[in-house]
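Trainee: One-letter residues, chain by chain:
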Amino acid sequence: MRLCEEERAMLAGELGEPRRWALAHQVAVGAFFDAADFVPVSQAHIMADTESLGEAGVAFLETLAAAPAAERRVRVPTITDPRGVDPRVYRRLGQSDAMAAIEARAAAAFAALGILMTDTCINYQTILPPLRGEHVAYGDTGVVIYSNSVFGARSNFEGGPSALAAALTGRTPRYGYHLDENRRATRHFRLECTPRDLAEWGAAGAIVGRAAGSYWAVPLIDGIEAPPGSDALKHFGAAMASFGSVALFHIPGITAEPAACDEPALRIGRAELDAFLAAYAAPGDKVDVVVFAAPQLSLVEMAAVADALDGRRVHPDTTLFVSSSPEVKSAADRLGLTARMEAAGAVVASGICFYQSYAGEMAEANGWKRLVTNSAKLVNIIAGYGYRPTLASLDRCVEAAVAGRLS
Amino acid sequence: MPLVLSCHPGIGPAVEGIALVARDNFSARYDLDRKAGVFSRPSHALAGQSYHGRILVLDQAKGGVATAWMLHDMAARRIVPLALVFNRVNPILAQGAAFAGVALVDRFAGDVTALIRTGDRLRIDPAAGRVEVLNRDF
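Line by line, the protein sequences give chains A and B. Numbered according to our numbering, the first sequence spans residues 189 to 595. Numbered according to our numbering, the second sequence spans residues 55 to 192.
These are computed hints drawn from the structure, not numbers from a lab. Heads up, a few of these hints could be off.
Where chain A lies over chain B, by a calculated footprint (3+ residues, C-beta under 8 Å) [unchecked claim]: (1) 63 to 72; (2) 82 to 89; (3) 132 to 138; (4) 147 to 156; (5) 162 to 172.
Computed from the model, here is a short list of chain A residues facing chain B with C-beta under 7 Å [as the list claims (entries may be wrong)]: (6) 213; (7) 240; (8) 348.
Here a beta-carbon is modelled for each residue, glycine too, at the ideal position from N, C-alpha and C.
Given the sequences, and given the hints that come with them, work out the whole structure.
Mentor: Here it is in structure tokens:
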């Protein structure tokens, strides 16, 4: 890779050990992907849950945090993805004091690096959306695919260590979706029916992702006539990224960049959406936990859950879990939405997102097996943690939570 | 003379070990019980099998960004694959391998999950972009 004078100084350790580690890490990754040089980034977003970090990851952060202030502070605005523990509700979820303690250590280390603990995977709805052409270093696949596609930002999937490295150096290797030639559509899909709710938008994204099947594939989806709204594209993109590792899609006339694809279109209609949902159906099954998260809920989704729960009561043998970002949770508190959900028996969490919160340990502590959610992304992730997931609309999720079993 | 497969230059140290092969994909969060060191996702082709100390030969990297932190913690706890040999990885697996110091190679001339069989003894040289199948002659 071509390095400028400042990059060579960082690599030589002249700007301190944290920036030396960061640049060396980035050169290793950049060389692997044949990056010619670095590109400056305006923001970084770091995956920060302690289940992923582990003791080794937290100890690594603490080592960086012990460096002199001038050497350890991040160079661009840097925010965090959801954490593993919400101190207000962790005991109700069967999480342990040890989990809360390691979270506190990680948070202290991140703060010492000058990182803003936003604890959110919907920063594109709540913090500072990027502009078209803006190079960023985002973690969380849902954040990357939404920002690349809807806004026309330029980011690769940056895992925690790489996003942290970008924050410390203010740049990232120029490969993948930072380059024009990789942003052209390579796969063609046609949506022949309009999804009826967020679960179906997620199902549609999952079908596209599964068929595209690679980080390096760029789907173009036509047949979507009217803008479906931010929450619909949030679930659509998050599921596409989860099922296919996809980082960019185009919907001509709706997403940011003009796009065309000469390949024959793979058609997705009512039958395909119904078949996708049917694969997760479990009629009559007892329901252990109903989850509204993954991605965290927008304020509009929080209001929809509160409306659906009004005058109802969650079954005593079922847990209803709702999670959003600290910003949205604060607004939900102020607007009375949290109180309405809690009055129905829901657990309303802030700054976490179910699968990043020691999901396996929660299943064990609570005896949870059958999980119902309107997140296609979550049904894809959670089976590895020992859950049996069902995908259903928001209304069916609430019905299941109240009845304690699936209809 | 052992069978030699060429690939793109990779990441991490040269290693020698036994292959565990499947035409399936990989995410540390989605697919693994990282305490027991086994594939835990019921629908994964390697469900129930131990990955500890094996050279994983798989198709693509899938799923979220968690693998980038998780490989490092798995390596620190010494319940980790010896190396990763893929047809094509996404940035997360490359970043995770670089951070954890785990050997990783990808981009072969053919389908590496067909070229290598479970139980093959492999020598991987990431810097050279080379995988030798020691128990099979060219």
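Trainee: Three or more residues of the region 162 to 172 of chain B near chain A by CB distance under 8 Å?
Mentor: Since 0 is below three, the answer is violated.
Trainee: Grab the minimum C-beta distance from residue 348 (chain A) to chain B and call the hint holds if it beats 7 Å, violated otherwise.
Mentor: 5 Å, holds
Trainee: Confirm or reject the coverage of the region 132 to 138 of chain B by chain A under the rule of 3 or more residues with a beta carbon closer than 8 Å to the chain's beta carbons.
Mentor: violated (count 0)
Trainee: Is the coverage entry for the region 63 to 72 of chain B by chain A consistent with the three-residue Cβ rule at 8 Å?
Mentor: This one holds; 3 residues, not fewer than the three required, reach chain A with a Cβ under 8 Å.
Trainee: When the nearest CB of chain B is found for residue 240 (chain A), is that gap smaller than 7 Å?
Mentor: 4 Å, holds
Trainee: Test coverage of the region 82 to 89 of chain B by chain A using CB-CB distances below 8 Å; three residues minimum.
Mentor: Three-residue rule met by the region 82 to 89 of chain B, so holds; n is 5.
Trainee: Does the interface hint hold: is residue 213 (chain A) within less than 7 Å of chain B, judged Cβ to Cβ?
Mentor: It holds, given that the least Cβ distance between residue 213 (chain A) and chain B is near 6 Å, below 7 Å.
Trainee: Taking 8 Å as the C-beta cutoff, is the stated coverage of the region 147 to 156 of chain B by chain A satisfied by three or more residues?
Mentor: As far as the region 147 to 156 of chain B goes, the hint holds, because 5 residues have Cβ atoms under 8 Å from chain A.
Hint compliance for this structure: hints 3, 5 are not met, and every other hint is.
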